[in-house]
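Visitor: Using the supplied hints, reconstruct the complex from the two chains, each of which is provided in its own coordinate frame.
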Amino acid sequence: MKNVNIGFIPLTDSAPLIIAKEEGFFEKQGLNVSLQKEVSWSNVRDKLIFGEVDAAHMLAPMLMATTLGIGGLKKHLVTGYSFGLNGNAIGVSNALFDEMKQYDTNVLLNPKGSAQVLKKIIQARSTNQEEPLRFAVVFPFSMHHYLLRHWLKSAGVEADREVQIVVVPPSSVVKALEEKLIDGYCVGEPWSTHAVKCEKGVTLITGYEIWNNAPEKVLGVTKQWADENKTTHQKLILALYQASEWIDQVGHKEQLIKYLAQPEYVGAPEASLRNSIDGEIYHPDAQFCRKVPNFSVPFKYLANFPWQSHAQWILRQMKSAQQIKGDIDIQKTAATIYLTDLYREALVTEGVTLPTANSKEEGVHAQPWFMEGVELGEDCFI
Amino acid sequence: MAVANNPIKVMLVDDDSARAALLSQALQDHGYEVVARVEPGPSLLSKVAKILPDMIVIDTDSPDRDILESMSLLNEHNPMPVVMFSDVEDESVIQEAIRSGVSGYIAKGVDQQRVKSIMNVAIARFREYQALKNELKQTKDELESKKLIDQAKHLLMSQKGVPEQEAYKAMRKMSMDRNIRMADVAENIISVLEW
Numbered sequence: 374m375k376n377v378n379i380g381f382i383p384l385t386d387s388a389p390l391i392i393a394k395e396e397g398f399f400e401k402q403g404l405n406v407s408l409q410k411e412v413s414w415s416n417v418r419d420k421l422i423f424g425e426v427d428a429a430h431m432l433a434p435m436l437m438a439t440t441l442g443i444g445g446l447k448k449h450l451v452t453g454y455s456f457g458l459n460g461n462a463i464g465v466s467n468a469l470f471d472e473m474k475q476y477d478t479n480v481l482l483n484p485k486g487s488a489q490v491l492k493k494i495i496q497a498r499s500t501n502q503e504e505p506l507r508f509a510v511v512f513p514f515s516m517h518h519y520l521l522r523h524w525l526k527s528a529g530v531e532a533d534r535e536v537q538i539v540v541v542p543p544s545s546v547v548k549a550l551e552e553k554l555i556d557g558y559c560v561g562e563p564w565s566t567h568a569v570k571c572e573k574g575v576t577l578i579t580g581y582e583i584w585n586n587a588p589e590k591v592l593g594v595t596k597q598w599a600d601e602n603k604t605t606h607q608k609l610i611l612a613l614y615q616a617s618e619w620i621d622q623v624g625h626k627e628q629l630i631k632y633l634a635q636p637e638y639v640g641a642p643e644a645s646l647r648n649s650i651d652g653e654i655y656h657p658d659a660q661f662c663r664k665v666p667n668f669s670v671p672f673k674y675l676a677n678f679p680w681q682s683h684a685q686w687i688l689r690q691m692k693s694a695q696q697i698k699g700d701i702d703i704q705k706t707a708a709t710i711y712l713t714d715l716y717r718e719a720l721v722t723e724g725v726t727l728p729t730a731n732s733k734e735e736g737v738h739a740q741p742w743f744m745e746g747v748e749l750g751e752d753c754f755i
Numbered sequence: 052m053a054v055a056n057n058p059i060k061v062m063l064v065d066d067d068s069a070r071a072a073l074l075s076q077a078l079q080d081h082g083y084e085v086v087a088r089v090e091p092g093p094s095l096l097s098k099v100a101k102i103l104p105d106m107i108v109i110d111t112d113s114p115d116r117d118i119l120e121s122m123s124l125l126n127e128h129n130p131m132p133v134v135m136f137s138d139v140e141d142e143s144v145i146q147e148a149i150r151s152g153v154s155g156y157i158a159k160g161v162d163q164q165r166v167k168s169i170m171n172v173a174i175a176r177f178r179e180y181q182a183l184k185n186e187l188k189q190t191k192d193e194l195e196s197k198k199l200i201d202q203a204k205h206l207l208m209s210q211k212g213v214p215e216q217e218a219y220k221a222m223r224k225m226s227m228d229r230n231i232r233m234a235d236v237a238e239n240i241i242s243v244l245e246w
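Protein sequences appear in the order of chains A and B.
According to the numbering used here, the first sequence is numbered sequentially starting from 374.
According to the numbering used here, the second sequence is numbered sequentially starting from 52.
Just to be clear, a hint being listed does not mean it is correct.
[Said to hold, decoys possible] Pairs of lysine-lysine residues, derived as DSS-like cross-links and limited to a Cα-Cα distance of at most 30 angstroms, are as follows: (1) B/Lys197 x A/Lys698; (2) A/Lys492 x B/Lys101; (3) A/Lys673 x A/Lys570; (4) A/Lys603 x A/Lys733; (5) A/Lys474 x A/Lys573; (6) B/Lys191 x A/Lys447; (7) A/Lys447 x B/Lys204; (8) B/Lys191 x A/Lys573; (9) A/Lys492 x A/Lys698; (10) B/Lys198 x A/Lys448; (11) A/Lys492 x A/Lys596; (12) A/Lys596 x A/Lys631; (13) A/Lys553 x A/Lys664; (14) B/Lys101 x A/Lys553; (15) A/Lys526 x A/Lys664; (16) A/Lys492 x B/Lys188; (17) A/Lys401 x A/Lys626; (18) B/Lys60 x A/Lys447; (19) A/Lys548 x B/Lys60; (20) A/Lys626 x A/Lys448; (21) A/Lys692 x B/Lys211; (22) B/Lys204 x B/Lys224; (23) A/Lys548 x B/Lys98; (24) A/Lys553 x B/Lys60; (25) A/Lys603 x A/Lys447; (26) B/Lys204 x A/Lys698; (27) B/Lys60 x A/Lys570; (28) B/Lys188 x A/Lys692; (29) B/Lys224 x A/Lys698; (30) B/Lys204 x A/Lys553; (31) B/Lys101 x A/Lys548; (32) B/Lys101 x B/Lys224; (33) A/Lys603 x A/Lys664; (34) A/Lys410 x B/Lys98; (35) A/Lys698 x B/Lys220; (36) A/Lys608 x A/Lys375; (37) A/Lys573 x B/Lys101; (38) A/Lys410 x A/Lys553.
For the record, the hints were derived by calculation from the structure and aren't laboratory data.
Bound-form chain B, shown alone (with noise of 0.2 angstroms):
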């Protein structure tokens, strides 16, 4: 499983050291970066607000489940909590619960296959979590750069005294003989009309 350039930081809560180190290399193994082995308990709170994961990685059986789940709620903050549960063997179960934005599970034994088939099951969670940030992000970009491009188009009106309709395919010329954004032409536009 490619991991690209960027690492995924993972924060691993285990109070079993044995059990920490195994799944940390596992995790190294597999391209994550593990950027703090911590145990668990309240103190959770102020570290991740610290350390910032991309990816938490949790036993089920800690009450500290319902810190993490609880933070993105409640505070704003963005980690992803992937917590396992230990009876569920079923894929299926376990990709429903991803798809559905909840964390997945584990089993109490770590070897080494499973770790592998544990971390896809998070990677497909991380990538859907990333899918929808970028489609929000696509989408507010594309809203800033319509709202960028009226607001060009108002002062080429209003300044120069064009028609709306040739004010937008000057605009939609420029871009084109200059290889540029739209959004970047009316933002030219822009910090030039607008003194």
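Extracted from the complex, chain A is given alone in its bound form (with noise of 0.2 angstroms):
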């Protein structure tokens, strides 16, 4: 048996991760995996870099901000595996909630034009004289931070200038609510179903309906590990696929569940996890649950391929957030940290067909389509 660390965030998406240990698939590959369960992104990206950790459970953006040297150590991260697709979602305090009320009552019954009915306030607090709204992310190189960017811009604003953006980890954002800190946050499951549960939030949108199937959280290893231990490698992207698989099949969601609320995994409200994977949108004010029934994808239309075209997505909102000074080459980039040939190497044995490509094109599908006979998921933005 090979032993292999591996460091996760407890967030619904740390999903394959337990599945993998609990149902066996680990095993199965011959490897004896220990879960390190961590506190902050910044603790584990710090562990994955010194060795405390082999791999990791990461917001796929910290793996060019590392790789490119931004905001920490310069250390090239790479990855052969997604951990799926969707998951986060946009809330507002009640109290902001509520003025959008004013200039809105619909607003909850049309997410799409909820940028739009902020901006009204933002311009108004603006003619007032007023401090800025503040949003909240869970870390600067996070797909939170890039889907909030983009949302308030489909409605015209410029988050550098109009809002304060701030970071409070995901299980601080109820807290943060409560003592008035933000007016608004990003965050992913259970933290946004949790934070309206609390009644403490309203969710507005889904990362969904920002990016239909926009790209999450990645396993990441150095390069140097990946070099040096490439069977093992492969061996954890296939286990990790195989319990995406599990997780995807509907008899398992009671079981699946179960495994999340334990303390040492996710550790959240078994009815919050509920309405997490089920894609409900929970909002006790209008007694009924949006259904967004892929508020999180884990295993269909290949959510567990590492498409550079997603490394290349991270890579300009980096450039556009002006987090990376400077010219890159953005496509040899995603190519070094998107291992899309290892995925492909990985799971050779499961006789899955692949499509040969490493990028598709991102924005141009309304609807499911196919590539090389493999079914993929929409990919449009608001």
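Guide: Structure representation (structure tokens):
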């Protein structure tokens, strides 16, 4: 048995690690995996860099930031597996929601128009020389940050100039709302559902509705480890792929929720976990749950494939947010981090059909579509 | 470890009050000024902005590390989170981390001995940061003086009709005779001639 340490943050999308361990997919590959629950993304990153863990559940943009040496140590990281698609949501404090209702009583029924309503408030605040709205994201290098910016931009709001963006860890979002430190947030599950259930926030729009089937977390390893442990890396990817397939089966849902609810894993209430897995956008005020079937996509649409076009989009956002200064070759950088061939090699024994392309055109498919015989999800932007 | 006349202002973030007290004492013994001892939580955002410490000492096992680390990235605050790992004993690893601009790491139990080595590391980090900042300031100052000198030179040339070489020589002579910086000479000339 080969020992492998993997760090993770307690979020719903860490499920493949938990399932691969609990349901024996790691063991079947001859891997003795120990999962280390971490408290912050900075910790996950530093432990990976120092070799305290061999692999980690990471925000996809952290791989680009670390590889380029932005915001911390510079170390070439790579990935050959994505933990799935989507899973974030943007919400606002009750006070801001009440204010939004004055402009549009039906704001919840029209998620795509939510940023437009917000823009009116932002303009009014600016005219009255009031403090700008403050939004929380979970890390500077996160899809949460870039999706929030994209959503604001869809209504012509300049994130850098017209709002303030701060970092609040996912599990602290409710507290930050309670203490009136933030007006809004973009956070992953189960924490956005949790904020609504605690009656501290209202979900306006899901990440899926900002970019259909967007990337989210990936399995990060250092390039050095990947080079020295290629077989182990492939076995990890295979076991996680099998776990993702397991998660996707409806019959496994209750068991999945039980595993995730355990304190050593996600440790959130089962009811919140169930809402987030079912794609039910909880809203106590309207007494119904809005259904977003693709709120989180763990397996279908080739959700675990590390598309280089995902990495390219992220790099472009980092550039527009001024996190990347100067010129870089976006395509080349994406290709050195997202190892599509490794994914293909890892799954060779599974007999699944995979496209030969490493990138796809993003933002042009309004419906699920086929690439080389493989069904992929829609990929439009708001 | 001597700390200059201006003690470094430290903000201590810890929810374990016994450990915080111990750490606070140890920091003061080593010449630091503990300006605030605060409980973790998202309200750190406003506390840091209000207190503006030179350094922050926080437990690694606090999720708020992400808040502190990101402040400088998103909001252009410049506190220095000093964060410490539980299991890393290897000094060279810590040094490497600090050299690269990441925070340091601490073990769970805080004994006096460790606090000292931790703070050494923290000071190294602080100095490195200061050196960078000074270097940047120096570069800026140099650029600024060069601009002033050029401006004064051109004023002399256009208003007094002296050739460039002579204008420069005159300024240098003035600087040496009166024992003042070239930039100050330039400033004097500009203030006189720009009327």
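Visitor: Are there hints from earlier that the structure breaks, and if so, what are their numbers?
Guide: 7, 8, 10, 11, 12, 16, 20, 21, 26, 27, 29, 30, 32, 33 and 35
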